[in-house]
Amino acid sequence: MEIKIQDHEGVKIIALSGDIDMYTSPEVRKQLLRLIGQRVPIIMVDLTNVTYIDSSAIATFVEGLKGMMSYSGRLKFFGIPMKLMEIFNFSKLDKVFDMYGSMEDALEG
Amino acid sequence: MITVPSHPKYLSFVRAATVMMGVQNKVDNTVIEHMEHAVDEACSNVIKHAYAGDPDNQIWVTLRVSPEAFEVIIEDSGLKADVASIKGRDLDDIRPGGLGVHLIKRACDVVEFDEKKKKGNRLRLVKYLKVKHGNKDTRP
Numbered sequence: 016m017e018i019k020i021q022d023h024e025g026v027k028i029i030a031l032s033g034d035i036d037m038y039t040s041p042e043v044r045k046q047l048l049r050l051i052g053q054r055v056p057i058i059m060v061d062l063t064n065v066t067y068i069d070s071s072a073i074a075t076f077v078e079g080l081k082g083m084m085s086y087s088g089r090l091k092f093f094g095i096p097m098k099l100m101e102i103f104n105f106s107k108l109d110k111v112f113d114m115y116g117s118m119e120d121a122l123e124g
Numbered sequence: 007m008i009t010v011p012s013h014p015k016y017l018s019f020v021r022a023a024t025v026m027m028g029v030q031n032k033v034d035n036t037v038i039e040h041m042e043h044a045v046d047e048a049c050s051n052v053i054k055h056a057y058a059g060d061p062d063n064q065i066w067v068t069l070r071v072s073p074e075a076f077e078v079i080i081e082d083s084g085l086k087a088d089v090a091s092i093k094g095r096d097l098d099d100i101r102p103g104g105l106g107v108h109l110i111k112r113a114c115d116v117v118e119f120d121e122k123k124k125k126g127n128r129l130r131l132v133k134y135l136k137v138k139h140g141n142k143d144t145r146p
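First to last, the sequence lines map onto chains W and D. Residues are numbered in the working numbering as their position in the first sequence, beginning at 1, plus a constant of 15. Residues are numbered in the working numbering as their position in the second sequence, beginning at 1, plus a constant of 6.
Pulled out of the complex, with its shape left as it was, chain W reads as follows:
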């Protein structure tokens, strides 16, 4: 799993790749919570190259969402592969997460 963080005019973009599971999600959580600790107003998570997520990854994203809600920040997701979308739908997170097809859509949304 790899994590790359870019700044796009104040918007932080976390690009993840590979499998996010019990082994790798702690690092995702660490990076996400670090940005939330800085009260970054908008964080976008690029899931385009993510091949697998488990319940610990979902828990990390939910924790991130709740953390950002505490200061009215926005957590957005884009580039969600079908295999991952199925998990988002099953866990009913499609109802609470801001999800977009592309980075451009997410920046505008």
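Do not take every clue at face value.
As the list claims (entries may be wrong) - No more than 30 Å apart at the CA atoms, straight line, and that leaves these computed lysine-lysine pairs for DSS-like:
1) Lys81/W <-> Lys136/D
2) Lys32/D <-> Lys125/D
3) Lys54/D <-> Lys98/W
4) Lys98/W <-> Lys125/D
5) Lys19/W <-> Lys15/D
6) Lys15/D <-> Lys81/W
7) Lys125/D <-> Lys15/D
8) Lys125/D <-> Lys45/W
9) Lys15/D <-> Lys27/W
10) Lys15/D <-> Lys54/D
Since the hints were derived computationally from the structure, they do not count as laboratory data.
Got chain W sorted already, so can you dock chain D onto it with the hints?
Chain D only, in chain W's frame:
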């Protein structure tokens, strides 16, 4: 049977073995994906709960596919699971945690702990496969 250390870095190995077992036996892709999640979540639970995060133990995983079922048995020598207390969160209650149990139950027709096992846990996961009418498949 495959044996892996109780370290989270080996979860990807167990997932790959589960997927390969399904692919080699021409199991439906959705069933394979769901079983991949179920086995992953069950092994994660072993690491977290049965071994309390200690990576120096072992997990034994047995994978079988017959024309009737995809069966996985996961064994450990850790703390006994409190079966009565195992339940996922209400899916409408959006909060971290509690999803793994749902992913296991979604995938499997049978989820049962062997209560006769004296030390550790033996979890049996079974997904019954739809046998097509007139299918002369001779899979083992």
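Q. Holds or violated: are the alpha carbons of Lys54/D and Lys98/W at most 30 Å from each other?
A. 25 Å, holds
Q. Taken at face value, is the distance from the CA of Lys15/D to the CA of Lys19/W at most 30 Å?
A. Given pair Lys19/W, Lys15/D holds - Cα atoms ~21 Å apart, limit 30 Å.
Q. Lys15/D and Lys81/W: Cα distance at most 30 Å?
A. 28 Å, holds
Q.
Does Lys136/D sit within 30 Å of Lys81/W, going by the straight-line distance between their CA atoms?
A. 41 Å, violated
(Q) Tell me if the straight-line CA distance from Lys125/D to Lys15/D falls inside 30 Å. (A) Distance of about 25 Å is within 30 Å: holds.
Q: Take a quick look at whether Lys98/W and Lys125/D sit within 30 Å of each other, Cα to Cα.
A: 37 Å, violated
Q | Restraint check for Lys32/D with Lys125/D, where alpha carbons must lie at most 30 Å apart | A | Cα-Cα ~35 Å, so violated.
Q. Would the pair Lys15/D and Lys54/D pass a check requiring their Cα atoms to be no farther apart than 30 Å?
A. Holds, because 13 Å separates the two Cα atoms, which is no more than 30 Å.
Q) Are the Cα atoms of Lys15/D and Lys27/W separated by 30 Å or less? A) 28 Å, holds
Q | Pair hint outcome, Lys125/D versus Lys45/W [Cα-Cα no greater than 30 Å] | A | Distance of about 36 Å is beyond 30 Å: violated.
In the structure shown, a violation is registered for the earlier hints numbered 1, 2, 4 and 8, in ascending order.
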